[in-house]
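Number of protein chains: 2
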Amino acid sequence: MQVLSSPTEVAALSLNMRRLGKRVAFVPTMGALHAGHLALIEAAKRHGDWVVVSIFVNPTQFGPAEDFGRYPRPLEADRQTCEAGGVDLLFTPSREDVYAPDHSVYVVEGNLTRGLCGPHRPGHFRGVLTVVAILLNIALPDVAIFGQKDAQQARLIQRMVRDLRMATRILIAPTVREQDGLALSSRNQYLTEEERCRACVLSEALRLAESCYAAGDRDAVQVCARMRARCEAVVPASAVEYIEAVDFEGLAPVTTLADGTLLALCVRVGKTRLIDNVILGRPHMAAAYGLLA
Amino acid sequence: MQVLSSPTEVAALSLNMRRLGKRVAFVPTMGALHAGHLALIEAAKRHGDWVVVSIFVNPTQFGPAEDFGRYPRPLEADRQTCEAGGVDLLFTPSREDVYAPDHSVYVVEGNLTRGLCGPHRPGHFRGVLTVVAILLNIALPDVAIFGQKDAQQARLIQRMVRDLRMATRILIAPTVREQDGLALSSRNQYLTEEERCRACVLSEALRLAESCYAAGDRDAVQVCARMRARCEAVVPASAVEYIEAVDFEGLAPVTTLADGTLLALCVRVGKTRLIDNVILGRPHMAAAYGLLA
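Note that the protein sequences, when read in sequence, are chains Y and F. Those letters in the first sequence? Residues 1 to 293, per the working numbering, in order. Those letters in the second sequence? Residues 1 to 293, per the working numbering, in order.
Pulled out of the complex, with its shape left as it was, chain Y reads as follows (with noise of 0.2 angstroms):
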């Protein structure tokens, strides 16, 4: 595995990747690697020839009360996880090669950050796809992989390559998730032990919502009205940040239940800010969001 920090050096390479006619997949990540990650590495070399992975810690995307100062950077770790994992470069650029001092362009979108997380976290999502935006530049891939858990950067960046006409693929991997249900994330390190129970309950409301949708119910506020009552047990109603049903498409606010509606919760669990979701008959909308199995 080749390890290289020069955005200059790494767009070089894959592009003569790409002229040997091999097809090049990309997994960017923030390091902190856990099995969500290695779960889009193993997408990765199934959609391509030749996996680039890379570790950024992207300043632009925290807000200025977030957590970038203490995010985790096991960086030799990270190294060893992707080597094991038949990762063939690991890219770890700097803030430096990254974004120029005077930097003054970014990529943004006015709609589908309406809802979710984007009123919460503001200038967030400028951050992700302006980060993404260089990243997939440098690294030129054919494919890019996301995983679900991020379900709004997922699909803000395939319209972002949509509406810009970038010329990768953006598939989306299924969350992964620990055996009790808890959707697989760096934050998660942030919780102590009782917190970690608690924790649970995102995903305990998904099932439930999930349930109502296969005995039929389709009526979405009664539906994230019992999410939010499940969640209120076992943390403060102020807690719960939100708790929608939006279309995947274009994340607007639906009232009827459907195949491909989104159902997205964001609940903090003492002071660690958790994310998880579904995606109704996820199956049937596989092939049109380039969701992977």
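Just so you know, the hints here were simulated from the structure itself, not pulled from any lab data. Please note that the accuracy of each hint is not assured.
Copies of the same chain are indistinguishable here, so a pair counts whether it falls within one copy or spans any two.
To be verified - Think about it this way: if two alpha-carbon atoms lie no more than 25 angstroms apart in a straight line, the pair counts; the simulated SDA-like pairs of lysine to any residue are:
(1) Lys271 to Phe68
(2) Lys22 to Asn137
(3) Lys22 to Thr168
(4) Lys45 to Arg177
(5) Lys45 to Val176
(6) Lys22 to Ala12
(7) Lys22 to Glu9
(8) Lys271 to Leu182
(9) Lys22 to Ala11
Keep in mind that this is a model prediction, so the values were computed, not measured.
With chain Y held as given, fit chain F onto it using these hints.
Below, chain F without anything else, positioned relative to chain Y:
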């Protein structure tokens, strides 16, 4: 000369040209081609093996009170101009070819847009950067040529390409002028005969400023005041939208003139908004900013 409106076909063709080892040179235009555009095409031929010209009157860069509707669209004459000029591919996308009905992603810049045309045309540069990002991603050129007449636009596009790590070199061709100094512009055809005479005042004011600089005057405020006086001899004070001295690197105001200072002005002659500029010590700045001779 091929003429295509499909972005997919243009992208495939261009990628193939690059695979064959040809250097792709691109000239994005809004049509109504004149000798200024022909100079861009000539420059493209010098810097590339395969020349693509696009004609697209981009709706997102016009304000609601601006001239999108009446902007000239002499497509057949433009086609002949391109053919005679030795263009290899003329790309004429429709609005729908460029923007999906639910297009929602934009490229924005927060610093170089603060002065000059920025405050006077809200949303204009967002539209310009977005469409140029789209066109560059479609045409995938090695180099793209822009005219110095729109100096702020050209500099912004250089900044976008740098910040988003797009793989195209942006070259800036010198402004082409009528014998009496008027910078060529598709909008000159809006001028009545009488307005056409008064329109010379922009280039006259710039020549005056260059004389001051050549004579050793370094006081930007004083030189801009002299330019203003020259303009106000011909048009009402309210018709002078701006006269500014900025550094070409960051387009920030300067108080002392130096090599690399951009002197730029915008004057409305009748109802027609005209812009023009010079870069002081231009030959010394050529290598750093891709300024063509």
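Cross-check of the supplied hints:
Taking CA atoms no more than 25 angstroms apart as the test, Lys271 paired with Phe68 passes inside one copy only; the shortest distance there is 14 angstroms, against 51 angstroms between copies. For the identical chains of this complex, Lys22 and Asn137 are neighbours both inside a copy (17 angstroms) and across copies (21 angstroms), given an alpha-carbon limit of 25 angstroms. In this assembly of identical chains, Lys22 and Thr168 lie within 25 angstroms of each other by CA distance both inside one copy and across copies; the values are 14 angstroms within and 23 angstroms between. Taking identical chains as interchangeable, the C-alpha atoms of Lys45 and Arg177 lie at most 25 angstroms apart only when both belong to the same chain, with a minimum of 21 angstroms there against 56 angstroms between chains.
Taking the shortest alpha-carbon separations for Lys45 and Val176, only the intra-copy value of 17 angstroms comes in at or below 25 angstroms, while the best inter-copy value is 53 angstroms. Both within a single protomer and between protomers do Lys22 and Ala12 lie at most 25 angstroms apart by alpha-carbon distance, with minima of 14 angstroms and 17 angstroms respectively. For the identical chains of this complex, Lys22 and Glu9 are neighbours both inside a copy (17 angstroms) and across copies (22 angstroms), given an alpha-carbon limit of 25 angstroms. In the homo-oligomer, the alpha carbons of Lys271 and Leu182 lie at most 25 angstroms apart inside one protomer (17 angstroms), although the nearest pairing across protomers, at 64 angstroms, exceeds that limit.
For a Cα distance limit of 25 angstroms, the shortest separation of Lys22 from Ala11 qualifies both inside one copy, at 14 angstroms, and across copies, at 19 angstroms.
Hint check: no violations occur; every hint is consistent with the structure.
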